[in-house]
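My request is simple: use the sequences and hints to build the entire structure.
If you read the sequences in order, they're chains X and F.
Each residue of the first sequence is one higher than the one before, starting from 1 at the first, in the working numbering.
Each residue of the second sequence is one higher than the one before, starting from 1 at the first, in the working numbering.
Hints in this document: simulated from the structure, not taken from any laboratory.
Ideal Cβ placement from N, Cα and C applies to all residues, glycine included.
Take these hints with a grain of salt, some might be off.
Restraint-style ranges between C-beta atoms, simulated for each label pair [unchecked claim]:
id : chain 1 : residue 1 : chain 2 : residue 2 : range
1  : X       : R27       : F       : F60       : 19 to 25 angstroms
2  : F       : M23       : X       : S83       : 51 to 57 angstroms
3  : F       : A9        : X       : A64       : 40 to 46 angstroms
4  : X       : I101      : F       : W109      : 56 to 62 angstroms
5  : F       : K324      : X       : V6        : 40 to 46 angstroms
6  : X       : G50       : F       : M23       : 44 to 50 angstroms
7  : X       : I93       : F       : I202      : 29 to 35 angstroms
8  : F       : I202      : X       : Y108      : 40 to 46 angstroms
9  : F       : G280      : X       : R55       : 51 to 57 angstroms
10 : X       : A64       : F       : W199      : 44 to 50 angstroms
11 : X       : Y108      : F       : D44       : 50 to 56 angstroms
12 : F       : A9        : X       : R55       : 54 to 60 angstroms
In the DSSO-like style, the derived pairs of lysine-lysine whose C-alpha atoms are separated by at most 27 angstroms in a straight line are [said to hold, decoys possible]:
id : chain 1 : residue 1 : chain 2 : residue 2
13 : F       : K65       : F       : K75
14 : F       : K324      : X       : K112
15 : F       : K65       : X       : K38
16 : F       : K69       : X       : K38
17 : F       : K75       : X       : K33
18 : F       : K37       : F       : K65
19 : F       : K69       : X       : K33
20 : X       : K33       : F       : K324
21 : F       : K37       : F       : K69
22 : X       : K38       : F       : K75
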Amino acid sequence: MLTSYVPIFIFIVIAAAFAAFTIVFARLVSAQKPNAIKLEPYECGIEAAGDARDRYSIRYYLIAMLFVIFDVETVFMFPWAVSLGKLAVFGLIEMLLFLFILVVGYFYAWRKGALEWQL
Amino acid sequence: MPAWLPPPAVLAHLGLILVVFNMLVLSAAFMVWMERKVCAYIQDRNGPNRVGFEGVLQPFADVIKLLFKEELRPKAADALLFAIAPVISAAAAFAAFAVIPFGTSTTLWGLLDQPIPLQVTDVNVAVLVIFAITSMGIYGIVLAGWSSNSKYSLLGGLRSSAQMISYELSYGLALAAVIMLAGSLSLREIVLNQAGTWWGFIPRWYVFLQPIGFLIFMTAGVAETNRAPFDFPEAEQELVAGYHTEYSSMSFAMFFLAEYVNMVTVSAVATSLFLGGWLGPFLPDWLAWVWFLVKVFLILFFYVWMRWTLPRYRYDQLMEFGWKYLLPVAVLNLLATAALILWIG
Chain X
1 MLTSYVPIFI
11 FIVIAAAFAA
21 FTIVFARLVS
31 AQKPNAIKLE
41 PYECGIEAAG
51 DARDRYSIRY
61 YLIAMLFVIF
71 DVETVFMFPW
81 AVSLGKLAVF
91 GLIEMLLFLF
101 ILVVGYFYAW
111 RKGALEWQL
Chain F
1 MPAWLPPPAV
11 LAHLGLILVV
21 FNMLVLSAAF
31 MVWMERKVCA
41 YIQDRNGPNR
51 VGFEGVLQPF
61 ADVIKLLFKE
71 ELRPKAADAL
81 LFAIAPVISA
91 AAAFAAFAVI
101 PFGTSTTLWG
111 LLDQPIPLQV
121 TDVNVAVLVI
131 FAITSMGIYG
141 IVLAGWSSNS
151 KYSLLGGLRS
161 SAQMISYELS
171 YGLALAAVIM
181 LAGSLSLREI
191 VLNQAGTWWG
201 FIPRWYVFLQ
211 PIGFLIFMTA
221 GVAETNRAPF
231 DFPEAEQELV
241 AGYHTEYSSM
251 SFAMFFLAEY
261 VNMVTVSAVA
271 TSLFLGGWLG
281 PFLPDWLAWV
291 WFLVKVFLIL
301 FFYVWMRWTL
311 PRYRYDQLME
321 FGWKYLLPVA
331 VLNLLATAAL
341 ILWIG
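As structure tokens, then:
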């Protein structure tokens, strides 16, 4: 059973090795002449002001948390979708109940403004 | 045959893996050329036409140029993460293709006892594998954006990850509707379920049973691959190049490669799930993969066409569209599909 995953693993290894090899190879064959100005982060040619390790919008965290909730829901739907034939109407009703709880949370998030991007 | 060699079936499988890998790299190179050429014709100019016939060798010339470019790493960057981000991106992009079937099976003109399927591997949860591996690609982008320690890169990486996770939900729900029709998570079985025709001339492709699902899938696919009109991570005019602003030389090329391979993969998944994969009329079984290539190519062309025709969305519009429209529609589509399947039986 698990042997069918071995080719995927080989594929990942080949792809990663290919990427790593070309990057290292390019480094070896290309001329490297770094200087202080070149090693500054790019900021339209002027000197960089401050660091990028700064605070960023809370929205990204909110989206990430909402994603986790809804992604678990999606993952839950995959086995349900495959076995709908066996679960029949009982399965549909179960899923409707499950979704109802989720939709309540969804509208709560919507009303609270978690889905608005503009402040 | 010397005894130390693995059995022919294993060798054939390894050969197949290498062939698929090379085809992916070549198709990415071809896509780069096609993109520039189509864009040029849309803008009423010639595009690359110096290297090779009509410039087909242009991507290779570009790779050689990039190979000899200086590799720079900002001194404030996180060295380890900066180095591995492009590798993660490329590996994730390639890996998702491993489960996609692109033809029936072959014995290599009788060389093998057992026919091997034209697919790197046929796992019984292929759809889940694709779902999992495409999410892995986000890591490459986030790490690249954060580790560069540049403001443009950070913003590009954040935007990109927020956009990808937002559209991944609708993407997954559109997949779920097809899975429900097929009753299987294996892509080979899903494709085989689409064999035959209705009334003798309409192929039994799921795109006809799931038109809304197909639209959702394609929209989410465009957002997942960060392509115009949803190309916010790159948004040249505001973020320079987004998460790969600080990358140069081959590390940059890897992100570029990953982007195009991702497009090929999304098109291949769409082909398998909605357009009947390698199934098509007129061609004998052993040439069925030609249909697969044709369908994937048409979707890719559509991608390019869209990029050079539509203006970019605004970021808040994008998030609003994903969460307030696409997600509810995808859920309703799934429920309607379930109800119809149970009703019709």
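Exercise for review: Hint by hint, work out which the structure violates, then give me just those numbers in ascending order.
Suggested key: Hints 2, 20 not satisfied by this model.
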